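Given only the sequences and the hints, what does the whole structure look like? Please build it.
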Amino acid sequence: MPRQRRKKPEAAASKARPASPRSTRPRRRGRAAGAGEPEAEAEQPAPRRSVSGGSLPGSARPHSPRRSRKPRAQNGVRVEVLSQSFLGRRFQGLGCLLEQLRDKVHLLRRRQLSVRATVGLGIFVGVMHWIHLSILFENDRHFSHLSSLEREMTFRTEMGLYYSYFKTIIQAPSFLEGLWTIMNDRLTEYPLVINTVKRFHLYPEVILAFWYRTFVGITNVFGIETKTCWNVTRVQPLSEVQSCEGVGDPACFYVGVIFILNGVMMSMFFIYGACLSGTHFGGLITVLCYFFNHGEATRVMWTPPLRESFSYPFLVLQMCILTLILRLSHSSGRYYIALCLSNVAFMLPWQFAQFILFTQIASLFPMYVVGYIEPTKFKKIIYMNMISVLLCFVLMFGNSLYLSSYYSSSLLMTWVIILKRNNIQRLGVSELNFWLIQCFGWFCGTIILKFLTSKILGVSDHIRLSDLIAARILRFTDFDTLIYTCAPEFGFMEKATPVRYIRTLLLPLVMVITYFILKKTFRDVLCVLCTNTYQRKQLLENGELIFHTLQLLAFTALAILIMRLKLFLTPHMCVMASLICSRRLFGWLFYRVRFENVIFGLLTVMSIQGFVNLRGQWSILGEFNNLPQEELIEWIKSSTRADAVFAGAMPTMASVKLSTLRPIVNHPHYEDADLRARTKIVYGVYSRKSAKEVRDKLLQLHVNYYILEEAWCVVRTKPGCSMLEIWDLEDPSNAANPPLCSTLLQDARPYFTVVFQNSMYRVLKVA
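Heads up: the sequence shown begins at 548 in the working numbering, then just goes up one per residue.
If you are wondering where the hints come from, they were derived from the structure by calculation, not from laboratory data.
All values reported here derive from a predicted model rather than from experimental measurement.
Careful: at least some of the hints might be erroneous.
To be verified - Mimicking DSSO-like on lysine-lysine, the simulated pairs with C-alpha atoms at most 30 Å apart in a straight line are:
id, residue 1, residue 2
1, 967, 927
2, 1042, 1002
3, 1227, 1244
4, 1227, 1312
5, 1239, 1312
6, 1066, 1042
7, 1002, 745
8, 745, 1244
9, 1184, 1265
10, 924, 967
11, 1042, 924
12, 926, 1066
13, 745, 774
14, 926, 1002
15, 1236, 1265
16, 924, 1067
17, 1239, 1184
18, 1227, 1002
19, 926, 774
20, 927, 1067
21, 1312, 1244
22, 1227, 1184
23, 1312, 774
24, 1002, 967
25, 1312, 1236
26, 1227, 745
27, 745, 927
28, 1042, 1312
29, 1184, 1312
30, 1227, 1239
Structure representation (structure tokens):
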């Protein structure tokens, strides 16, 4: 072996100098003689070497008979040995240094190979996920063959509202003019002028619009075709439409970038699982679990423009960086800067992101109290989170929601407790009481500080995720909370969801992993409380495992209360599943059975139901068609003035604003208090109020046309969730009156006039 040939001179030098530094290294007893280890050669007796013709100084037999037969060569041999001894003393240190450098080079090459393999596999699974999303989206809507109007109509509710601002910027004479238009918007909440970037977190649309304009400008300069258009003949009575396909089409570009971003997210999931488990098999299990439970993990393939589609990939990046910080004993400053920037990228596109980061701080703080995180490291994490909040506050034009959230309050309370920890310790309480005092102070202080900042900044009238969870727990209901919680995605988790987790073995696997982590944690913490002499370093080695377990418990509670938040639970379960490959947790198992057999058997069983789920997704075939809404939009474009003001159901208003650019008075972004008050007036048509009262309030909002949908008069998603039932709870004084909606469908006069009607919509002109 080359390694043996390199080490032979060092072995000789070692014998020439028994006190050599290399002779003090521990011997590798597991190897046989002649394995190429210098220490093994040094153990051989000196007389054997003298037989080959080289007597060493200090030999046990200086007057060998064989040496007496060659008196002429004796002086030469002595000179040779002395020169070897001299050179050994001179150059042995250099040889050791060179050998260490060789070992480091080999280690560096192996690491580079490992990094290349990880990145290469990550890119592969990312491309596969991008293709998977594109296929599902195309199969569901036949998006490539839709006209521009039909593509816009597929973006229902909030999606249409967000896409409308992207459309405004790319259709403006210049990017800056388009940006100024959406920052001084008069169409969304007429007659108010609002900064939609601040209100609706529109940085993704601003960035995508800039990219699109740049891309189109460059391709136009070089004369590159970026889209292909053709006429599509539709089934009667639908007329022929023009359809364009390619990255040059605005809708295709917009959706394509979202799918590419979520493909990159899958690459990060692979790297995340590989880093957490310490092996590529962990990343593979994470990715396969995600694919096998794809319908429970994301809805980006059905609703691309939603805020979570832009925001969630950066949470994956943020948690991966945080995992590395918790694992490494000495983290570079670059990790903390990356943590701060990923926080900003996660919070900017989505108003609910702050509550998710609050659960992260709630998971980290108990770890700091017990000792799983070093105080210096925890301080840096908190400071980076504070900086990210301030950056978002500035980038969002002073949006006070960033300063009045539970997340910001928890950061301030954590900082205070860190500063006052020594004072608390001087109380002389036991270790357990010391922990409980800090946790209790943090919990109460966070709640009190949150309500104080909300009152001071005047943002207590905004509905947030925490308010919806509180309404769930306390069984509190009013008009605003029912509008949210009656939507299926804001209901409790379906009973079928855990069953689907069990069928793919995801839930049993995660429960086993969680059990072993909690068992070890309980044993370690109990040892600390009983003896107070336990080495805290042993706790620090498993800090990232405790964090992921606490975060899993938090995501589980959120998903049970609000089904939409499965978005966080399912992917995190997939990441936790990678720990089945962790030798820190299951090394005892891999000593008894082959590691590859365990993983292969597990993946085989998981894939049985997993491929059934994938085939179910691939079998979804459809084609978008909404003739009534298309007729409505075409009528509005051709029969109403450009400044005509419309009101109606929130999902329909988003489509009207997007496709007709007419002013509207209400929209689906329901978090703002003023918007909720406007929507309550508009939805009075579906109450039991009098027609005159509703008409007068609509006139106060400057409404010219009201779009009445017959389905809204009778639709009932679940008990207590029809519009009449909600209004009877909100306005019991009119509970005995007939429904206004039914009256208007029979005869809208004298306060309204029907000016358009089809199978789904009636447009009422406000008298």
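So, going through the hints one by one against the coordinates:
Straight-line distance between C-alpha atoms of residue 967 and residue 927 comes to about 17 Å, which keeps the hinted pair within the 30 Å bound. A distance of roughly 39 Å separates the Cα atoms of residue 1042 and residue 1002; the hinted pair therefore is violated under the 30 Å criterion. Between the alpha carbons of residue 1227 and residue 1244 the distance comes to roughly 10 Å, so the proposed pair stays at or under 30 Å and holds. For the hint linking residue 1227 to residue 1312, the alpha-carbon distance of about 19 Å falls within 30 Å, and the restraint holds.
For the suggested pair residue 1239 and residue 1312, the alpha carbons sit about 14 Å apart, so the restraint of at most 30 Å is met. Taking the CA atoms of residue 1066 and residue 1042, the gap is near 28 Å; set against the 30 Å cutoff, the hint holds. The suggested pairing of residue 1002 with residue 745 holds, with an alpha-carbon distance near 20 Å, which does not exceed 30 Å. Under the criterion of a C-alpha separation no larger than 30 Å, the hint pairing residue 745 with residue 1244 is consistent with the structure, at around 28 Å.
Between the alpha carbons of residue 1184 and residue 1265 the distance comes to roughly 36 Å, so the proposed pair goes past 30 Å and is violated. Using a Cα cut-off of 30 Å, the hinted pair residue 924 and residue 967 holds, with the two alpha carbons roughly 17 Å apart. With a CA separation close to 41 Å, the supplied pair residue 1042 and residue 924 exceeds the 30 Å bound. A threshold of 30 Å between alpha carbons decides the hint, and for residue 926 with residue 1066 the separation of about 28 Å falls inside it, so the pair holds.
Of the pairs offered as hints, the one joining residue 745 and residue 774 is violated, with about 33 Å between alpha carbons and a cut-off of 30 Å exceeded. About 28 Å separates the Cα atoms of residue 926 and residue 1002, which keeps this hinted pair within 30 Å; it holds. Taking the CA atoms of residue 1236 and residue 1265, the gap is about 23 Å. The hint holds against a cut of 30 Å. About 23 Å separates the Cα atoms of residue 924 and residue 1067, which keeps this hinted pair within 30 Å; it holds.
Annotation: proposed proximity of residue 1239 to residue 1184 holds, straight-line Cα distance about 28 Å (limit 30 Å). Restraint check for residue 1227 and residue 1002: satisfied, since their Cα atoms lie roughly 24 Å apart, inside the 30 Å limit. For the hint linking residue 926 to residue 774, the alpha-carbon distance of about 52 Å lies beyond 30 Å, and the restraint is violated. Annotation: proposed proximity of residue 927 to residue 1067 holds, straight-line Cα distance about 27 Å (limit 30 Å).
Annotation: proposed proximity of residue 1312 to residue 1244 holds, straight-line Cα distance about 14 Å (limit 30 Å). As the CA atoms of residue 1227 and residue 1184 are separated by approximately 27 Å, the hinted pair is consistent with the 30 Å bound. For the given pair, residue 1312 sits about 41 Å from residue 774 by alpha-carbon distance, which is inconsistent with the 30 Å threshold. Our distance criterion of 30 Å between C-alpha atoms is met by residue 1002 and residue 967, whose separation comes to about 26 Å.
With a C-alpha separation of about 18 Å, the suggested pairing of residue 1312 with residue 1236 holds against the 30 Å cut-off. For the hint pairing residue 1227 with residue 745, the CA-to-CA distance comes to about 23 Å; that is within 30 Å, so the pair holds. This hinted pair checks out: residue 745 and residue 927 have alpha carbons roughly 29 Å apart, not beyond 30 Å. Proximity of residue 1042 to residue 1312 is assessed by CA-CA distance (about 45 Å); at most 30 Å being required, the pair is judged violated.
Only pairs whose Cα atoms come within 30 Å are accepted, and residue 1184 paired with residue 1312 is accepted, the gap being roughly 16 Å. For a cut-off of 30 Å, the pair hint linking residue 1227 to residue 1239 stands: about 16 Å separates their Cα positions.
Hints 2, 9, 11, 13, 19, 23 and 28 from the earlier list are contradicted by this structure; the remaining hints agree with it.
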